[in-house]
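Let's have the full structure, built from the sequences with the hints guiding it.
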Amino acid sequence: MTFVGQPVARREDRTLVTGRGRYVADIRLPGMLEAAVLRSPISHGVIGVIDAAPALELPGVAAVITSADIEGYVEPFTRPFYKTIPQHVVEATGLIVRPYRAQLLATEKVFRVGEPVAVVVAENRYIAEDALELIDVDYQSLPGIHGIDEALADDAPELHPEVPGNVHCRFEVSAGDPDAACAQAEQRLSTRIVIGRSVGSPMETRGVVAEYTAPGDLRIWATQQRPHLLRTYLSEMLHLPEEAIRIISPDMGGSFGGGIYNEEVLIPYLAIRLGRPIRWIEDRRENLGNARHSRDQVHDVEVCYTNEGRITGLKDRFIIDTGAYNPFAITLSYNTAAHLRNQFKIDNFWAEGLCVLTNKRDNTPVRGAGRTSATFVCDRIVDMVAAKVGLDPADVRQRNLIPGDEMPYNMGMLYRDGGNVVYDSGDYPSQLQKALQLVDYDTFRSDQDRLRAEGRYVGIGISCHVEGSGFGPHEGALVRIDLSGHVVVHSGSNPHGQSHETVLAQITADELGVAPNDVTVRAGDTGLIAHGGGTFASRSAVTAGSAVHEASGRLREKVLAIAGSLLEVDPSDLDINGGVVHPRGVPDVGLSLAEVAEAAAPGPGSRLPAGMEPGLEVTSYFVPPTVTFSSGTHVAVVEVDIDTGLLSILRYVVVDDCGRILNPMVVDGQQHGGVAHGIGNGVFEEILYSEDGQLLNASFMDYLLPTATDVPFIEVAHETHLSPLNPMGIKGAGEGSAVSPPAAVANAVVDALRPFGVEITEMPVTPAKLWRLIREAQAQNR
Amino acid sequence: MKPPPFEYRRAEHREEALGLLAEHGDEAKILAGGQSLMPLLAFRLARPAVIVDINRLAGLDELHMEDGALVVGSLTRHRAIEKMGGIAERCPLIADAISHIGHVAIRNRGSVGGSIAHADPAAEWPVIALLLDAQFEVESATSSRTIAGPDMFSGYMQSGIAPDEMLTRLRFQLPSAGAGSAFLEVARRHGDFAMAGAGVVLRISDGRINDARIGLMAAGLTPIRATDAESMLLDQEPADEVFEMAARAVDPAIAPLDDVHGPADYKRNLAYVLTRRALHLARDRAGVT
Amino acid sequence: MTRDVTLEVNGDPVTDTVDPRMTLADYLRDVAGLTGTHLGCEHGVCGACTVLLDDRSVRSCLMLAVQAEGHRVTTIEGLVGPDGGLHPVQDAFSRHHALQCGFCTPGFIMTVVEYLAEGGSDDEHEIRERISGNLCRCTGYHNIVLAIQELARQNP
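Protein chains in written order, with our numbering: chain A, 1 to 782; chain G, 1 to 289; chain U, 1 to 156.
Please keep in mind that the hints were generated in silico from the structure rather than gathered at the bench.
Here chain A is said to cover these stretches of chain G; the calculated rule only asks that three of the stretch's residues, wherever they fall, bring their Cβ under 8 Å from a Cβ of chain A:
#1 2 to 12
#2 183 to 192
#3 253 to 264
#4 267 to 275
Some chain G residues flagged as far from chain U (calculated, every beta-carbon gap over 10 Å):
#5 Glu62
#6 Leu174
#7 Ser176
#8 Met232
#9 His280
#10 Leu281
Virtual Cβ for every residue (Gly too), placed ideally from N, Cα, C.
Following this line, the structure appears as structure tokens:
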């Protein structure tokens, strides 16, 4: 029986559907106190006196701390949330990254609305919130920067002295000879494309519970995609050995972007200081304003092409409004540059990326991480080219896609991890063809004319994407067979909805000849394995899957070697089935895994072959050579009510290539959810700030996640091309589906409104914006 | 996002509730369905010293037809009316409107009286009240009186109910049989607060319109009756061009505001479009006599 | 300043002393220990805290605990049969992969229990409208709608 590739039912579900999940907010420890954070009400200013005395007098309040209280005990953030960028990437791109330094609690200045200023600890959250209102802070406002143009103006105030001109990072990438290509081009067009700001918005808000029972025993439960990274940070910032810290990421209610947060350092510190367990649970208003944001880019792009719509060159200068701090440095901007050419053969290319500091929330990765913006820019431009040369967008796409027989395709630039950007596998023209067949493109085109004659504006839009998935630097897995013959997997990558328990068990089950139910997968605990990466960058199946595969394979070899010696059979003539090691073709003679485990146990009774380490346990770390490129093609069919600007998505088709599919049910689920997330980004979600840096929509009434009535059924199909970069041929499936919807929907809207000649250069496409575009086009055509 | 402290008083009978309101005046706030008040408390945007919970009061959840009127207790839940037999046939305007009030879990709990007293111009019941000549019975410890529809909505989220008064009964005069009515609303997502909404009642007799009402929600500080547009319809044939003219004439009566979901001019356009469409729908539904 | 509240939670009569400003959701989670009712927004939009009050769906973040006096409250924990068997809605959600992170799931399931009790149909539009007050960020609602359609078809 092979389990990989089967829709094996989820091991996770029984707990979750019965309400027995254990999320951070569900953790209640004896003597536990609850915290609330006082946040800056202004976007930029100097802090004077903080008077917390009235708050401390409130019954039930245990402590109020400000920056003065942590000075000398807790270090500020100075280390960015990524591994150092390789020197050859720095040199090739002229990369400048200014120092990163972020305060945990505001000391002299605040740099954004919502920046933590003080923390209250009280008997419960109700009292803690009462106490917040009693803390008096003397703020003196400074001129703020609330947009890219303001940040780059000659007379702009400088937010941080170590960041001259507010430009935190800058780099250039190029391939071929874009200047020559554009000079010789038959046609060219230039446009500005603006990507709105959004926030990940998992249904569970962030949270931390910390308990310090004895020196050397700090235990933390956190909504953390990277528990091992948090441990490293806490070790450095609290001056503790890593061994003294155990981070547990329990059940997590989604989480679409990572990083280490102030509260994840402050709450453990307070637990040590007060000697009581402390729980901090973010509320939704805090989450929308203070979980890090994403997107928010402006692109000035020029594209050069032939009269037949063949794109010969692409140049893009883009700027990211990176907010008050930029802990991920070029992660987003470089992702944008590296994915800008999408699936297209555009050999002449130049891009410059700038990260500009403003008095807003940090701009960091959220599902898609820079690729959503890149894809929106690229796919909008391709459709603009099609309109200019008077061809169907599907046709122009086919003309520009990298041909299947040219794979693997070297894009002529470096990836952020130091590897070359090489699309390792896939067949993009065939993927597009399949998507067009699924949606029945030709029939749609004939229906479209008929519907237009009836005054109905329907349109079809295509977006494709690539995703450098499975980012390193490593992921670990420990696989053990215990004395009962049961298999245990410890993973350094922890889930927040991705079904690790089920999928990793499938991999191990196949390797060790057992059923997935004979395998227990544990993750999200730094006590399980020495090194762990976490879950981000569509990496879990690729990196954790490969690590589990490798560890399980090595363990299988050991089991066979031991059994071979016991049975006096050559190990290569043995097989494992149903948990029994037996000579191939003789299934009823053999040893159970429990018997092998007992033979392998240390001690005088050990029956191990000479020189073999005792125990049935293998730890493997998978180190990917570079990312592996998954891809997908999406087609959206929409209808626009031209009187109101309201948009309905009538159909949505996905053809995905994530290499080896470990569990089709899980992969399809990722596609459905990613598309909904992308529809949110493309149509509904936009974080809005006022001119003075106040967040205008910090509630779920005003920050709009798509609901069931906003998302159609998602029709998913697969085109599988195995990755050559890992043993099972896996490519990431978690994020790509979220990347394309804004572009697919925008292209469909433009298509629907072709009689008016509307162009879309902004995401999200809200009804009010769309109505204005239609009205302006109507006025022009009049 | 936890409510601030308050004194909680659960009134067991009407006199007790009115006594508490008399005692605490504008320091007190009535808790009915709580679907508006509780979020305000969670954001700490409302800070009443005393909460008077009226959910136990008997007799505030009535619901019946009487002399061509729909009589509704102030504590009657939206969902009760939604499930009331015959309402969609008798007055589709009401059924249309209720479907836009949040979601079922909100409608199970939220009360009609609470919606009126909250006087949110983006809510459905206030504009229904204007369209259906609603009469509101209010009581205080010492007196009782009836407020007529338009007098109930005195300003942005300001009702005509005095701090010591409690709304007890609402009476909506249903359009006569044969009238057509419709209610259309646009929100960013289903169940969200409206960006615009229009309710219409039309009675057509001998091929002429002899009663026309147009109400707009989310179009200004209060719910609005577009009376000039209504009079343009009177004695006219229910023709497309007449509706177009009347729908255009809504514009001077409204004053929507910019917000994160759209600018005022967009909402003005929505008010026009929805009025026009509601007129068409109401005409289709009207029995022609 | 506290107050006693007596109610029935998942079939069991309980009396507790609470701060009157405590929401029903916080009561269920922190006092009754029933943490399956989740808080996603605390202002009545996300639906994660949906429970049944006398068999009708309500947002437990938009009610005070003291308002539950004398009422019957059913939470996700109360759906499991005495033998530990899953409720048909729980079972259908699992079989259809209608949950990923599981955080919104209890609220969805309570909403669907009421929908089916009212004889809800398998009409896609009707189902989508009924669950539009529950937000999910993982599933795109696709498999949730499929699960409900199957349940509605089997509904007696």
